[in-house]
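Engineer: Now for the letters of each chain:
Protein chains: 2
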Amino acid sequence: MRIGVLGTGIVGNTIGSTLVANGHDVCMGSRSATNPKAAAWARACGAAGHRGRATHGTFADAAAFGEVLFNCTAGAASLDALQAAGHENLRDRILIDVSNPLDFSKGMPPSLVICNTDSLGERIQAAFPEARVVKTLNTINCQVMVAPHRLPGDHVIFLSGNDPAAKQTVARLLDEWFGWEEGNIVDLGDITTARGPEMMLPLWVRLMFALGSADFNFNLVRAEPRPRAAREAINAVH
Amino acid sequence: MRIGVLGTGIVGNTIGSTLVANGHDVCMGSRSATNPKAAAWARACGAAGHRGRATHGTFADAAAFGEVLFNCTAGAASLDALQAAGHENLRDRILIDVSNPLDFSKGMPPSLVICNTDSLGERIQAAFPEARVVKTLNTINCQVMVAPHRLPGDHVIFLSGNDPAAKQTVARLLDEWFGWEEGNIVDLGDITTARGPEMMLPLWVRLMFALGSADFNFNLVRAEPRPRAAREAINAVH
Numbered sequence: 361m362r363i364g365v366l367g368t369g370i371v372g373n374t375i376g377s378t379l380v381a382n383g384h385d386v387c388m389g390s391r392s393a394t395n396p397k398a399a400a401w402a403r404a405c406g407a408a409g410h411r412g413r414a415t416h417g418t419f420a421d422a423a424a425f426g427e428v429l430f431n432c433t434a435g436a437a438s439l440d441a442l443q444a445a446g447h448e449n450l451r452d453r454i455l456i457d458v459s460n461p462l463d464f465s466k467g468m469p470p471s472l473v474i475c476n477t478d479s480l481g482e483r484i485q486a487a488f489p490e491a492r493v494v495k496t497l498n499t500i501n502c503q504v505m506v507a508p509h510r511l512p513g514d515h516v517i518f519l520s521g522n523d524p525a526a527k528q529t530v531a532r533l534l535d536e537w538f539g540w541e542e543g544n545i546v547d548l549g550d551i552t553t554a555r556g557p558e559m560m561l562p563l564w565v566r567l568m569f570a571l572g573s574a575d576f577n578f579n580l581v582r583a584e585p586r587p588r589a590a591r592e593a594i595n596a597v598h
Numbered sequence: 361m362r363i364g365v366l367g368t369g370i371v372g373n374t375i376g377s378t379l380v381a382n383g384h385d386v387c388m389g390s391r392s393a394t395n396p397k398a399a400a401w402a403r404a405c406g407a408a409g410h411r412g413r414a415t416h417g418t419f420a421d422a423a424a425f426g427e428v429l430f431n432c433t434a435g436a437a438s439l440d441a442l443q444a445a446g447h448e449n450l451r452d453r454i455l456i457d458v459s460n461p462l463d464f465s466k467g468m469p470p471s472l473v474i475c476n477t478d479s480l481g482e483r484i485q486a487a488f489p490e491a492r493v494v495k496t497l498n499t500i501n502c503q504v505m506v507a508p509h510r511l512p513g514d515h516v517i518f519l520s521g522n523d524p525a526a527k528q529t530v531a532r533l534l535d536e537w538f539g540w541e542e543g544n545i546v547d548l549g550d551i552t553t554a555r556g557p558e559m560m561l562p563l564w565v566r567l568m569f570a571l572g573s574a575d576f577n578f579n580l581v582r583a584e585p586r587p588r589a590a591r592e593a594i595n596a597v598h
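Listed in order, the protein sequences are those of chains U and P.
The first sequence begins at 361 in this note's numbering and counts up by one.
The second sequence begins at 361 in this note's numbering and counts up by one.
For reference, chain U alone in the conformation it holds in the complex (with noise of 0.2 Å):
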């Protein structure tokens, strides 16, 4: 598959490593066609004798070359990118939104630009309406966003996003690709669900400090129903 990854951060290198690790062909996206950090990822790669091929261009690029686009833009600076990205190159792109609003002018731990009545996800649907947006994987490391099964046991990620089908789509190729089985992936509903996993992040934040570690994630618990017979039969007995 041909995927386009915006961002030359650690998170778009590691997503970009292992979807080129595992066969697919990858263009990283940045300001400049000339980005030294993404001419060293796509090296990187190459090097590695990797199944997929790795290249790097602008925004404009990577937007065009993916059937799916990965957003690992700062959050700060998602729209900006996805502006030079350019409106036709996202029409029915599939863009996995894997970004946090984080406002580090202020120094540890940041805040968020964008919260409460409002999100980045919810941002980016709306500038580009012709994209059709899933956010998802934001609430955990970027290690953790490619191999699930580094942490022990069910933990969960959450999909966010206007488009059924996208976000089924989405929930099948983080399977395929990283390993995130389908009953680990809650869908939360529509993209101003997205508030939800970005406002984790000051939490996250917190429990990386406190734990001295950012290899950690959340499982879902829930109460176990009751089998049907057990229920009859203590209310016979009650």
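Just so you know, same-sequence chains aren't split out, so a pair can sit in one copy or run between any two.
Derived SDA-like pairs: lysine to any residue, alpha-carbon spacing no greater than 20 Å straight-line:
#1 K466 to D550
#2 K397 to G369
#3 K466 to T552
#4 K466 to F569
#5 K397 to D421
Please keep in mind that the hints were generated in silico from the structure rather than gathered at the bench.
With the hints as your guide, set chain P onto chain U.
Structural biologist: Here is chain P on its own, set in the frame of chain U:
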């Protein structure tokens, strides 16, 4: 133990009843000494033959009564309620703040009145520096607060507060009163860390919609540390 519960809603009701059932004496406080909901709660506890004593009164009565206090008022009204309780009645008291600054004025889902660069926990500690504020339990439904074992296996709550001894006491009491095991109580740090758990509410509300149930919580899943011997063996092979 004598416990003051501020607030007459479902949360105060559930916490108060559980404590009285377990033999503690609880005074439920509200704006008025003759609040019919508080009176009905006290009567119901009496009728249930609970071992503890249930009384009710003003916010000031409840705060003066309790060795430990619970803030179970609606978050948007908490500062006013605590003002009515009175600074002298809060002096040196452990104030367990389980409230959330939810804004229902624009309908469902609620947004937050305070978030991102501040939290209700911080506002309370700043307004009442004589109290020992511990933010906890606000990330779960009150049924789960008082009975963690209704959900299968491990799942976590958080502690935020400036007073380490107060947090230790609260952790011990939450185990003794409700069955929260030490390993499932995560100390995030000072009261500014309350932003994280309070900002989980938008996700919690959307999950409640998606699951059709409030009977859930999160467990923290961490990478299992690899035993040293195994790691050395791997190093020797590779």
